Amino acid sequence: MFGFFLRRLGLLIPTFIGVTLVSFLFIRLLPGDPIIAMAGERGVTPQRYQELVQQFGFDKPMMLQYFDYLRGVLHGDLGTSITTKRPVLAEFRNLFPATLELSICAIILAVALGIPAGVVAAVKRGSWIDQTLMGTALVGYSMPIFWWGLLLIIFFSGYLGWTPVSGRISLMYFFPPVTGFMLIDSLLSGQQGAFSSAVSHLILPSIVLATIPLAVIARQTRSAMLEVLGEDYVRTARSKGLAPFRVIGIHALRNALIPVVTTIGLQIGVLMAGAILTETIFSWPGVGKWMVDAVFKRDYPVVQGGLLLIAGIIMIVNLLVDVAYGFINPRVRK
Amino acid sequence: MTDATDITPKRQSGLAEFWYYFTRSKGAVIGLLVFALVVLMAILAPLISPHLPNVQNQSMILLPPAWMNGGNSSFLLGTDAVGRDILSRLIYGSRYSLFIGIVVVSIAVVSGVLVGLIAGYLGGWVDSAIMRVMDVILAFPSLLLALVLVAILGPGLTNAMIAIALVDLPHFVRLTRAAVMTEKNKDYVVGSRVAGAGWLRLMFITILPNCLAPLIVQATLAFSSAILDAAALGFLGMGAQPPTPEWGTMLAEAREFIQRAWWVVTFPGLAILITVLAINLMGDGLRDALDPKLKRS
Numbered sequence: 001m002f003g004f005f006l007r008r009l010g011l012l013i014p015t016f017i018g019v020t021l022v023s024f025l026f027i028r029l030l031p032g033d034p035i036i037a038m039a040g041e042r043g044v045t046p047q048r049y050q051e052l053v054q055q056f057g058f059d060k061p062m063m064l065q066y067f068d069y070l071r072g073v074l075h076g077d078l079g080t081s082i083t084t085k086r087p088v089l090a091e092f093r094n095l096f097p098a099t100l101e102l103s104i105c106a107i108i109l110a111v112a113l114g115i116p117a118g119v120v121a122a123v124k125r126g127s128w129i130d131q132t133l134m135g136t137a138l139v140g141y142s143m144p145i146f147w148w149g150l151l152l153i154i155f156f157s158g159y160l161g162w163t164p165v166s167g168r169i170s171l172m173y174f175f176p177p178v179t180g181f182m183l184i185d186s187l188l189s190g191q192q193g194a195f196s197s198a199v200s201h202l203i204l205p206s207i208v209l210a211t212i213p214l215a216v217i218a219r220q221t222r223s224a225m226l227e228v229l230g231e232d233y234v235r236t237a238r239s240k241g242l243a244p245f246r247v248i249g250i251h252a253l254r255n256a257l258i259p260v261v262t263t264i265g266l267q268i269g270v271l272m273a274g275a276i277l278t279e280t281i282f283s284w285p286g287v288g289k290w291m292v293d294a295v296f297k298r299d300y301p302v303v304q305g306g307l308l309l310i311a312g313i314i315m316i317v318n319l320l321v322d323v324a325y326g327f328i329n330p331r332v333r334k
Numbered sequence: 001m002t003d004a005t006d007i008t009p010k011r012q013s014g015l016a017e018f019w020y021y022f023t024r025s026k027g028a029v030i031g032l033l034v035f036a037l038v039v040l041m042a043i044l045a046p047l048i049s050p051h052l053p054n055v056q057n058q059s060m061i062l063l064p065p066a067w068m069n070g071g072n073s074s075f076l077l078g079t080d081a082v083g084r085d086i087l088s089r090l091i092y093g094s095r096y097s098l099f100i101g102i103v104v105v106s107i108a109v110v111s112g113v114l115v116g117l118i119a120g121y122l123g124g125w126v127d128s129a130i131m132r133v134m135d136v137i138l139a140f141p142s143l144l145l146a147l148v149l150v151a152i153l154g155p156g157l158t159n160a161m162i163a164i165a166l167v168d169l170p171h172f173v174r175l176t177r178a179a180v181m182t183e184k185n186k187d188y189v190v191g192s193r194v195a196g197a198g199w200l201r202l203m204f205i206t207i208l209p210n211c212l213a214p215l216i217v218q219a220t221l222a223f224s225s226a227i228l229d230a231a232a233l234g235f236l237g238m239g240a241q242p243p244t245p246e247w248g249t250m251l252a253e254a255r256e257f258i259q260r261a262w263w264v265v266t267f268p269g270l271a272i273l274i275t276v277l278a279i280n281l282m283g284d285g286l287r288d289a290l291d292p293k294l295k296r297s
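Sequences listed follow chains A and B, in order.
Letter by letter, the first sequence follows residues 1 to 334 of this note's numbering.
Letter by letter, the second sequence follows residues 1 to 297 of this note's numbering.
Misleading hints may appear alongside valid ones.
[As the list claims (entries may be wrong)] Below, simulated SDA-like cross-link-like pairs (lysine to any residue); rule was C-alpha separation at most 20 angstroms, straight line: (1) B:Lys184 with B:Tyr121; (2) B:Lys26 with A:Gly126; (3) B:Lys26 with A:Thr136; (4) B:Lys26 with A:Ser127.
For the record, the hints were derived by calculation from the structure and aren't laboratory data.
Since the structure is predicted, the reported quantities are computational estimates derived from the model, not experimental observations.
Let the hints inform the model, and build the full structure from the sequences given.
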């Protein structure tokens with residue numbers, strides 16, 4: 001098992017170097033002079049220009065620039081934001097809990113609804129329940145989530161007035177962040193109504209972000225269940241006279257969940273891509289919105305650092321999923 | 001030698017068999033019909049759209065759909081904030097969505113299959129190098145990478161399509177490579193190699209046709225996801241630029257009116273959803289029809 005882990009880790013190193021190369025090249029690939037491009041319409045004074053040339057090391061040979069960059073990355077130095085003048089890593093650390101909180105809620109929602117939906121559809125295969133569930137899943141899978149978010153806002157926030165439109169908590173509440181997770185911080189603050197305000201802000205963004213993973217998980221669970229339900233051991237369990245719930249819930253589902261676990265792990269990339277859109281629609285102060293804003297403000301050090309950090313997180317999660325998969329399914333360990 | 005009589009039973013042609021399995025799925029047939037309608041709409045846009053997509057009627061701003069109070073029957077789905085007919089813009093918009101799908105899938109399939117064939121056929125360090133590059137592309141969330149690429153290349157429809165194609169590339173490379181690796185040691189390939197077939201012939205004529213089924217299914221999925229991604233980039237202001245009647249761009253322009261005029265937001269999104277759903281329904285049908293394992297279940 002340890003050897004398997006090391007092999008997977010070894011595969012990660014060239015990918016990591018590739019990812020640093022992409023984020024390194026990003027600023028250097030900008031058409032024209034990258035500093036002028038970053039300055040945009042604001043323009044830049046000759047002194048500031050020289051400062052920036054030094055800061056980015058553009059006066060050195062390319063190879064040396066890359067090694068300097070790599071050394072910086074390994075020491076946690078990802079550059080400084082042009083707009084806020086703060087280190088990129090510090091900004092990311094501030095904003096990431098918001099994205100993580102939203103993503104966790106979304107994935108919980110997706111798993112809690114997706115797995116039962118998939119199981120029911122497989123058990124009732126071909127019935128109207130199966131067709132309705134899988135039809136709904138396909139609609140969810142085909143959904144332009146930015147539009148879905150706007151529709152939910154029109155209906156639940158505009159028409160019914162049930163949920164707020166943007167942000168993480170009502171402006172009436174203020175407390176210093178302890179964990180960065182608004183649900184926990186609002187509870188810790190002890191302020192009355194803070195927690196329910198945080199919950200009401202989370203509902204619509206979570207639904208929007210969960211939509212595609214939910215559909216994928218439901219479809220995957222159904223096909224994995226169908227495969228398992230045809231196996232001999234399930235028939236044996238049935239013929240022993242076990243209750244249907246026990247056969248489906250314990251014997252079949254446990255094996256069907258193996259591929260589903262991988263699917264859930266692979267949703268992290270989908271979640272990060274979804275976070276870009278969801279956070280933009282709901283003005284959710286997370287890393288997705290931060291990246292979009294940075295692209296628009298031409299704050300390229302932020303885009304560069306953000307790219308690297310997000311790719312790094314996805315790589316680590318994928319590694320963990322791989323290892324978990326090897327753990328529950330010894331056959332892939334070879 | 002005597003003439004051998006043909007005793008092989010008459011086989012259904014491949015296409016007929018495929019059509020039989022494809023039409024067994026009601027969803028796939030509905031998807032195909034809807035998709036055909038969208039294609040027709042795109043081709044006949046100048047003939048069927050009631051107005052020109054970019055003509056502004058200053059006296060008809062934010063008109064509700066015809067069936068609502070204050071609606072006007074010549075603007076069936078209402079008008080937007082500068083008085084353009086939404087229905088006409090949607091009809092013309094279908095051209096952009098299909099164009100995006102075709103261009104993205106063509107670029108991704110042609111280059112992906114080529115690179116995948118090379119990786120799978122040659123193996124060794126070439127394969128390792130190619131696959132590591134693909135891993136790097138896959139390490140980034142697709143939309144984020146596309147967004148950043150467009151930031152480098154400059155906003156616009158062409159650059160958005162290039163970016164989306166590049167992001168889609170690894171899926172085709174991986175699929176082709178995996179298929180080639182399972183096929184290349186089979187007897188028929190070895191046979192043709194022994195018969196003297198060159199590597200180009202082996203790659204493109206002997207092996208490739210036997211790897212097509214998963215590629216066709218993936219191409220369908222890539223088509224629908226290209227439409228979604230391009231619309232998302234348009235929505236973020238990084239895809240097609242106004243006043244292009246691209247559906248995502250229309251949504252971006254409509255955002256500020258969501259509380260006042262639901263129709264400017266609802267219809268472009270519905271158009272995206274219906275088109276993407278139709279293609280995905282077809283994709284599911286294609287997968288079932290082309291996958292021999294699924295045929296039995």
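Mind checking the alpha carbons of B:Lys26 and A:Ser127 for me, to see if they're no more than 20 angstroms apart?
-> holds, 14 angstroms
Does B:Lys184 pair with B:Tyr121 here, judged by a C-alpha cut-off of 20 angstroms?
-> At roughly 7 angstroms apart (the allowed maximum being 20 angstroms), B:Tyr121 and B:Lys184 satisfy the hint.
Are B:Lys26 and A:Thr136 close enough, with their CA atoms no more than 20 angstroms apart?
-> holds, 15 angstroms
Holds or violated: B:Lys26 to A:Gly126, with C-alpha atoms at most 20 angstroms apart | Between B:Lys26 and A:Gly126 the Cα gap is close to 12 angstroms, so the pair holds against 20 angstroms.
Violated hints for the displayed structure: none, as all numbered hints are satisfied.
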